[in-house]
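Undergrad: Whole structure, please, built from the sequences with the hints as guidance.
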Amino acid sequence: MKILHINTERTWRGGEQQTLYLLQSLNQRRIMSHLVCQPASLLAERALAADIEVFPIAMRGEADLAAARQLRKLIRTRNYDILHSHTSHAHSLAYLASIGCKTCRLVTRRVDFSIFRHSFLKLSGIKYRFMADYYIAISHKIKEVMINDGIPDQRIFVVYSGIDPQRFMQATGDHLLSEFDIKENQKVVINVAHLAGHKGQNYLVRAIPRVLAKLPDTIFFIVGKGELMDELKETASELGLKRGLIFTGFRNDVADFYKIADLCVMSSVQEGLGTAVLDALALARPVVATRAGGLPEIIEDGKTGRLVAPADPRALAEGIIELLTDSDLAKAMASAGPARVQQFFSIDAMVDKNIEVYKKIIATEN
Numbered sequence: 001m002k003i004l005h006i007n008t009e010r011t012w013r014g015g016e017q018q019t020l021y022l023l024q025s026l027n028q029r030r031i032m033s034h035l036v037c038q039p040a041s042l043l044a045e046r047a048l049a050a051d052i053e054v055f056p057i058a059m060r061g062e063a064d065l066a067a068a069r070q071l072r073k074l075i076r077t078r079n080y081d082i083l084h085s086h087t088s089h090a091h092s093l094a095y096l097a098s099i100g101c102k103t104c105r106l107v108t109r110r111v112d113f114s115i116f117r118h119s120f121l122k123l124s125g126i127k128y129r130f131m132a133d134y135y136i137a138i139s140h141k142i143k144e145v146m147i148n149d150g151i152p153d154q155r156i157f158v159v160y161s162g163i164d165p166q167r168f169m170q171a172t173g174d175h176l177l178s179e180f181d182i183k184e185n186q187k188v189v190i191n192v193a194h195l196a197g198h199k200g201q202n203y204l205v206r207a208i209p210r211v212l213a214k215l216p217d218t219i220f221f222i223v224g225k226g227e228l229m230d231e232l233k234e235t236a237s238e239l240g241l242k243r244g245l246i247f248t249g250f251r252n253d254v255a256d257f258y259k260i261a262d263l264c265v266m267s268s269v270q271e272g273l274g275t276a277v278l279d280a281l282a283l284a285r286p287v288v289a290t291r292a293g294g295l296p297e298i299i300e301d302g303k304t305g306r307l308v309a310p311a312d313p314r315a316l317a318e319g320i321i322e323l324l325t326d327s328d329l330a331k332a333m334a335s336a337g338p339a340r341v342q343q344f345f346s347i348d349a350m351v352d353k354n355i356e357v358y359k360k361i362i363a364t365e366n
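Using the numbering used here, the letters of the sequence shown map in sequence onto residues 1 to 366.
Per label pair, the in silico range of CB-to-CB distance:
1. LEU329 - GLY226: 23 to 33 Å
2. ARG291 - ARG210: 12 to 22 Å
3. ASP51 - THR77: 12 to 22 Å
Here are the simulated lysine to aspartate or glutamate pairs, EDC-like style, with alpha carbons at most 20 Å apart:
4. LYS242 - ASP217
5. LYS259 - ASP181
6. LYS127 - ASP149
7. LYS242 - ASP181
8. LYS353 - GLU365
9. LYS127 - GLU144
10. LYS353 - GLU144
11. LYS353 - ASP153
12. LYS225 - ASP256
13. LYS2 - ASP51
14. LYS214 - ASP326
15. LYS2 - ASP81
16. LYS2 - GLU365
Calculated directly from the structure, the hints in this document are not laboratory data.
All C-beta atoms, glycine included, are put in the ideal place defined by N, C-alpha and C.
TA: What follows is the structure in structure tokens.
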């Protein structure tokens, strides 16, 4: 079994971490897996450090014919059984590069948006119906959206993302207490996500005054960067939020924020799965999340966290207040988190499921 993985991202986000986890584990299991990615990207750097064979190819879009020619040469030389694309642009490039080649095209989809969301003349329908043989959806919600968009059920497998529960265990967060002058009596609430419309931080910001009205000694941190930073800061200013809300921007010490958090919040209106929530559960932190996308597949409402309506600041505020004031309930939910992550969302579980998919599609195609 020979797999070529393709990831066109230049930045480092959850999808790149999942790609690296998968490659590392496949190679440990002696399943030949190589990577095509952007030159000088963090993924290239970290994959090389992990002794993964990397082919750096500059990919300047999904219709980059020069990149497709380089890919085609690699595919013909190495005779891969499967091209596993991990991004939307990789999806198109893999198709262009493999026309006429005896290799199976597999695409992982990580978002629960309709495939027609940004489609010109619904051309995405052609791409998704005819330019890949099979798909991996990282949640059942994503699979449901794809089926509604016209992709046959039998071509879509569900494989949850996996996390390393140990990767944040050494963090302490002590330096954050002094950096942000956090007092002993203050409750700390964090949101860790890219600042984008579908992550719903605008609803979280609007929920904060309701929380502070009842629990004035609460401090909120929105950890991350993104295109909505200025808009969110403007909203916070209009609401008079000063000490109660801190935008940290990009941080290398995200683990430390989890360690000082009394509560983690995911306010998304759309969410493929939500690995930031998995990190919180693995660290035994209580979670309030919306019933959006794949989040209900992670959180069992009332058992491992609290689920509230998406795009609803009042509901979000009520969920936050409940878990900040009922410490016994919050502790019970938090204590159930690590076992759920270990059972359903470990790296080993993710890799096992990917291998099952590989074996099934190879058997079907042969």
